Each structure stands twice: as structure tokens, then as C-alpha cells.
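Peer 1: Read off the chains here:
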Amino acid sequence: MYIKGVGMTKFDYSTKPWWQFAFEATMEALKDAKMTIKDIDAIVFASVSSATSGEHQTHKVSFLSDLFKTNVPIIEVTSVCGGGGVAFWTALHLKEYKNILVLASEKFGDNKSEIVTDWILSAAEKATEQTEGMLFPTQNALVWQQYMKKYNATMDDLSLIAFKNHSNAALNPKAYFYKKPIELEKVKSSPVVSSPLRLMDCSLSVNGGAAIILSTDESDVKVIGSGFATDYLLTFGREDITHFKATQLAGQQAFKQAGITPKDINVAEIHDAFTSVELISYEDLGFAEIGKGAELIRSGKINLNGEMPINPSGGLKAKGHPISVTGLAQVYEITNQLRGLSEAERQKNPLPKYGLTHNIGGAGGSVTVHIFERTK
Amino acid sequence: MPFYKCSKCGRIWQYPLSECPYCIIGLDKMFANQSKVIEVSKVMIPTTRHSFVPYNACIIEDENKNKWAHKTTQDIKVGDDLSFEAKQDPKIVGVWRIKYDFIEAIERTIDLIGGINFNENSKVLILPTLISITQPYFRENTSPEFLMAILDFLLSKKVKLENIKIGSQSFGEIPIEAMADKSGLLKVCLKNNITPLDLSKLGFVKQDNLEISEEALKADVVFNLVVPKAGKAKATENSFYILKKENYLGLKYLNSDKEIAKDLQAGLPKMVNLAEAEYLQTADGLIVFLGLFLASRSFINLDMILNEIIMEKKLPEILTEMKIEEIPIAGRDIKEVQLDINRI
Chain A
1 MYIKGVGMTK FDYSTKPWWQ FAFEATMEAL KDAKMTIKDI DAIVFASVSS ATSGEHQTHK
61 VSFLSDLFKT NVPIIEVTSV CGGGGVAFWT ALHLKEYKNI LVLASEKFGD NKSEIVTDWI
121 LSAAEKATEQ TEGMLFPTQN ALVWQQYMKK YNATMDDLSL IAFKNHSNAA LNPKAYFYKK
181 PIELEKVKSS PVVSSPLRLM DCSLSVNGGA AIILSTDESD VKVIGSGFAT DYLLTFGRED
241 ITHFKATQLA GQQAFKQAGI TPKDINVAEI HDAFTSVELI SYEDLGFAEI GKGAELIRSG
301 KINLNGEMPI NPSGGLKAKG HPISVTGLAQ VYEITNQLRG LSEAERQKNP LPKYGLTHNI
361 GGAGGSVTVH IFERTK
Chain B
1 MPFYKCSKCG RIWQYPLSEC PYCIIGLDKM FANQSKVIEV SKVMIPTTRH SFVPYNACII
61 EDENKNKWAH KTTQDIKVGD DLSFEAKQDP KIVGVWRIKY DFIEAIERTI DLIGGINFNE
121 NSKVLILPTL ISITQPYFRE NTSPEFLMAI LDFLLSKKVK LENIKIGSQS FGEIPIEAMA
181 DKSGLLKVCL KNNITPLDLS KLGFVKQDNL EISEEALKAD VVFNLVVPKA GKAKATENSF
241 YILKKENYLG LKYLNSDKEI AKDLQAGLPK MVNLAEAEYL QTADGLIVFL GLFLASRSFI
301 NLDMILNEII MEKKLPEILT EMKIEEIPIA GRDIKEVQLD INRI
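Quick note, the sequences are listed as chains A and B, same order.
Take the first sequence: its position 339, counting from 1, is numbered 339 in my numbering, and each next residue is one higher.
Take the second sequence: its position 308, counting from 1, is numbered 308 in my numbering, and each next residue is one higher.
Just so you know, these hints were derived from the structure itself, not from any lab.
Quick caveat, the model's predicted, so the values are computed rather than measured.
Any given hint might turn out to be false.
[What the hints assert, rightly or not] With a Cα cut of at most 27 Å, we get these calculated DSSO-like pairs of lysine-lysine:
(1) Lys245/A - Lys36/B
(2) Lys65/B - Lys150/A
(3) Lys149/A - Lys36/B
(4) Lys123/B - Lys158/B
(5) Lys258/B - Lys245/B
(6) Lys112/A - Lys335/B
(7) Lys186/A - Lys42/B
(8) Lys77/B - Lys126/A
(9) Lys5/B - Lys245/A
(10) Lys42/B - Lys126/A
(11) Lys245/A - Lys8/B
[Claimed, not checked] Computed far set for chain A versus chain B, every beta-carbon distance over 12 Å:
(12) Lys34
(13) Met35
(14) Ser113
(15) Thr117
(16) Lys149
(17) Cys202
(18) Ser215
(19) Thr235
(20) Pro350
The beta-carbon is built from N, C-alpha and C at its ideal position, and this holds for glycine as well.
Turn these sequences into a full structure, and let the hints steer you where they fit.
Peer 2: The following block contains the structure:
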């Protein structure tokens, strides 16, 4: 399948409802594809949306039918933070449809942070983990401490990742932290959320929408690899808690399908829900050897001006993380990178040939990896 | 922390499944004697379910290499043993996190309050909460799962089925049989070949001011199965169902529930109160997930601790003069399980 059009709203804390984000992103994607909604044969939609604002509902597919005045099949998939990637993977498997709109939107930041945090926590296991205070930052903090002991990485390595992603987001008009770069020292001295992770190690839950139009008609960007794997909800019941098996499996599937290796990738969007997750994912995706992820960030190779920029958009960390939208926002960024349509300062020169997206649901419980090729 | 292993393929679950989906055979419960802290993170941000910070979130590992999450407000460091001290104190309340497995919760909380010595001649009366004609999910009555678990627990302790009695009575207009049927408890009794008793139709023995069920006095242990509710003293209230109805109503007219409770506690020290607080009813009848299990030989102390855990400010009259700091606790600290249910 080919990417025919992409659209994404600015990520923010505006009071717009989820469907408004969905509509805006769709219109941008349709215009990019030079299509109208009449050309769309099926829709795959991802969202969790907060229950606190009074607009949450469980029949969004019918709402979308109404919104777009269409009667095509609409499938809703949910996989929390990995929802966008799973929706994209699902759409790629709907072989009998010519043009598919893959859509995600979220209204999430709409209440006190302790309530929003609690809602996000509903993506974790209830009886044995939520009750024991395993917030997502906490789960990841515990994993990272184990990693540090095993591989001699440091908190300074994570600070470099946060600094990189904030620097990139400062150049991205659709990022929440656009034109708001943050100094490295401020990253290092931000308050502790769950030791040893600090505020600046955590991504930002925001509101937003993203839309991708997949088509069997050729275009300038082709999806050449797609992988999807799951893992146990109980984080500490997994074989190796310092790495994400689902990322490794999904990555292997995607690279095998694409017929290329991690060394061929020119640009990537990695699921940096926490800076530690980005670093561990370098290894799980094959960009660094196991235990050597810190060397990659220290080398500067993955900075915006490096050999293979990672998270040129600013990532979840600084562009923002509207839960289900993230997976499609990554596709939006990589498509524009391959097309040479990202803003000049964020654009690699010469144009990249291969791009990769990596989207995680929960604490590594569902992972998709997609690989894209510039065809022209 | 209970784990369940397939003896054929070696897969391990934290959920008490009936069988391995790969090998189609039953799972074995894994036992561990030692649990150590292998990682600690100090959490600084509050959420609605964890409003007191900081607390320590830990990874615990047992000798079988099984790992799980644990929250504590105690100072704790990597390498520390995770242990819970049991105490022989009739006033103590054992507090435990229920993690899918009622039997584990029953065993742990009874251990925490000093244990019970069962033998093959032990006689047990089970006094379920049975107060309304409602489906189990309303959490008005003892759940069928809990009753089933207590029976399994007793059988595992070699208590003979013929020595286990299940009974209660109705103080209102609703017949006890109708409540037993709708609640699903009758089905559990029949499945286990136990004929449930209507205590009101059996004998009572006068003991000072109280007329106590003969079945309760004959038993070596009376299990009071408590269904907690916010702002109520449900353990205490349910214990009154071993009194003769007329005796209770007469005493209530002349005295208060507080005085009746005091006399009953003294008159029937062999009562063990077990509260299934996995779910809890708010004052409005809404159901909230609490994930707890409590045990105590003192029903009034159990009621007080439950209301403290859910941060209930409107206490029933029976609890108003009690001092929480005078009630000994075993197992989990109140702060680490406390949940303001009015904020959920």
C-alpha cells in the first residue's frame, strides 16, 4: 500500500472535542491526497479519549459516519498509546479496499493531572499493578534502574534524549513545544516524578488528531514493512524486563518484510513515552547492540543533523503524546521527511530513502513497527 | 503472592486459571518462602487512587524468580526481605491486597491475626451476609465466590464437610430462602451438599442479656462474612444475626447497637470476621473497586479500619468514639491502601 495523503492537527490543550480533531486531520489528509471523503472506501479509527469530559462515548464509528456523511465500513481499534499503529497495521490488512482513511483523535488533557494520570493508568493491570501504585512512569523507572545496573548507562544519557527531542520540537510548528527549546541543565534538574525518572524524562499527554490515507494507487511513499506483536500486561512477569520483546518481534517482522536492515534506515520516529523507552528501543529495533543504546545517543548520530535522526518531530516527549494519535503522527512525520516536506530546518539533505515508525501500547504490551520507502 | 504453573509446559500465571490453554491440564499453585526487594522507585506524584506521596513502588522477587509489584510507605531498599508479621492479639485487624485469589487472601489474613488451629473435629458455622434479594454484583450479600472459597479453605484444613454449617436469618419481612436463592449462595450450598440453616428456626441460648444461636455456641469457629459498605459498620451489623431476633430488637430498643456489640464481642470471642473488600458499596449504593481483604476477631475494629481506609468521614454512631490509633494492624499499612472513594 502507498501513502496518498497525510494530515495532523497541532498538538495542544485546546478545548475542542475529539471529533473536531478527527475532522481537521482528515480534511488536511484529503486535501494532501487530492481526494474528497467520497473517495474513501473504509475507515479505521483509533481513540480512547478521556471519560471525564462528558464527551466520551463508545460508538464513535457511528459518530464518524454522521460526521463524514458516509456509510462505508468503519472499524474502531483501541490499543491505548499504540492505537494509531495498530489501526495502521489493520488497514494494511484490508486488502479489498482501494482507499482507506486511517484516523485517530484524542481529547485527553481535560481535567486535573491526577485524574488524567489515573485514566491513563487504566491501560495497566488493575488487581496487582494499579493497586500497587504502578503508574506508567513508575513501571518505566523500575525497568530503567534494572537497565542501568545491567549495562552501566546513566541518567545523563536520558537527559541527552530529552534535550534532543525538545530541540527538534522547537522547530516543529505542530509540536506542543514549538519555539520553546529547553536547556540541558533544566532537563537534568527537573523535579523527580518517580525516581530516578524526572519530569523531563516523561512525555506530554496532549490533545490532537492525525489522519493517513492509504491507497493501492502508487504514490511517492510506499509502506514496505509492517510488524505487530504483543506482550504480557504484567510488566514484571515478562522474561526480560529490561527490553521490550514485542518491539523486537515487530521490528524483525517489519525488516524481514521490507527486505532491508536497520542500517538502511535514514530517519525514524521512536515511541519515546519515556526517554528510557527510546534508549531501550534503539537496541530492540537493531539500531544499537544490546546494552549499547547509550553510546548511540552520546555519539550524536541520531541528532537532527546526524546520520540517522531519531524523532525529528520532537517525539512524544516534546511534540506531545495524544495517546492513540501518536502512531499516526509518526507516519505523518516520516512521510513528510521522505517527501522533503518537513520544515527546512528539520529536513535531512539529501532526502532520506527509508523511514521507520515504532509505536508502543501500554508498557510494551502492544507494538507496531512500520517501514516506509521513498519511491520517487 | 500466588503464582500458578503448568507442570507440563512450565508456563506461569498470576491469574488462578482452571487449566493451561496449551496442555489442557490443571495448574499447580506455586509456594515461596522468601521474597526480596530487587528494585525500588520513590513515587512523588499523586493520583486519585494513590493520593499520599511519596511512597515506594518496588519489584519483589521470590526464590522461584517470580516477580511482582508492591507498594509500601515504609523505608525499604534493594535486598530487603518482604515479610509481614503476624500477631496474636484479639484486637488486631489483618489487611491484605486480594489479587484474584480469595483462598490466598483468606489464608494470609487469618495468618496475620494469629491463625486458627483446625483439626478434623473442628466445627464451623459460616454466617454470610444475606440482607436483600439482589444479584451478586450489587454487593449487598456475600458473593458466591467468597462462600465457595471459604468452603475450599476449610476443606483444605481437613475440616469435615459434615462439621461445616452455613446459616443466617432474616430480621425483616423478606424470607431468608429468597435472599439465599437470588444471591447465588443457595447454589453454592447445594453444590457442596450443605443444607443452609435458618437460624431463627433453631435454638438460642441465654447468656447474660443475649440470646445467642445454639449453632454459634456449638461451633469452634464462627466465620462472619462481611460485605462492607461506606459509612456503615457492616461487620458488627452482620454479627447480630446470631442473636435471637426478638432479643436483638428488644435490646436495641432499650440500649444502643454499641452496647449490644460490646456484649456480643465478649460473649462470643470465637467469631472471626472476614471482609471481602475487593469491591465496596458507597453510601449511594455505587460499586467501587477496592482490591482488599480484611480479617479480625473484633468486628468493631474491622469496621473502623475499613472506614478509615476509604476515608469515610460520616461514621455510624457505633464507631464515633473509637480511636484509630488504638487499633493494631497487620499486613498492609493503612496509608498504602487508603482510597478516598468519594473522589473515584
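Peer 1: Now, for every hint given, state plainly whether the structure supports it.
Peer 2: Now for the hints, and whether the structure bears them out:
1. Proposed proximity of Lys245/A and Lys36/B is supported: the alpha carbons are some 25 Å apart, at most 27 Å.
2. Note on Lys65/B and Lys150/A: the hinted pairing holds, with a Cα-Cα distance of about 17 Å set against a maximum of 27 Å.
3. With a C-alpha separation of about 17 Å, the suggested pairing of Lys149/A with Lys36/B holds against the 27 Å cut-off.
4. This hinted pair checks out: Lys123/B and Lys158/B have alpha carbons roughly 11 Å apart, not beyond 27 Å.
5. This hinted pair checks out: Lys258/B and Lys245/B have alpha carbons roughly 17 Å apart, not beyond 27 Å.
6. Using a Cα cut-off of 27 Å, the hinted pair Lys112/A and Lys335/B holds, with the two alpha carbons roughly 22 Å apart.
7. A hinted pair counts as satisfied when its Cα atoms are at most 27 Å apart, and Lys186/A with Lys42/B qualifies at roughly 21 Å.
8. A distance of roughly 25 Å separates the Cα atoms of Lys77/B and Lys126/A; the hinted pair therefore holds under the 27 Å criterion.
9. For a cut-off of 27 Å, the pair hint linking Lys5/B to Lys245/A stands: about 22 Å separates their Cα positions.
10. With a C-alpha separation of about 20 Å, the suggested pairing of Lys42/B with Lys126/A holds against the 27 Å cut-off.
11. About 24 Å separates the Cα atoms of Lys245/A and Lys8/B, which keeps this hinted pair within 27 Å; it holds.
12. Against chain B, the non-interface label of Lys34/A holds: every CB pair exceeds 12 Å, the least being about 46 Å.
13. In this structure Met35/A is separated from chain B by more than 12 Å, as the shortest Cβ-Cβ distance comes to about 43 Å.
14. With a cut of 12 Å on Cβ distances, Ser113/A falls inside the contact zone with chain B, its closest approach being about 8 Å.
15. A Cβ of chain B approaches the Cβ of Thr117/A within 12 Å, the least distance being about 5 Å, so the stated non-interface status is violated.
16. A Cβ of chain B approaches the Cβ of Lys149/A within 12 Å, the least distance being about 9 Å, so the stated non-interface status is violated.
17. Not every C-beta of chain B lies more than 12 Å from that of Cys202/A, the closest at about 10 Å, which undercuts listing it as non-interface.
18. With a minimum CB-CB distance of about 40 Å to chain B, Ser215/A clears the 12 Å threshold, and the non-interface call stands.
19. The non-interface label for Thr235/A is inconsistent with chain B: the shortest C-beta to C-beta separation is roughly 8 Å, within 12 Å.
20. Look at Pro350/A: its CB is around 44 Å from the nearest CB on chain B, clear of 12 Å, so calling it non-interface holds up.
Hint compliance for this structure: hints 14, 15, 16, 17 and 19 are not met, and every other hint is.
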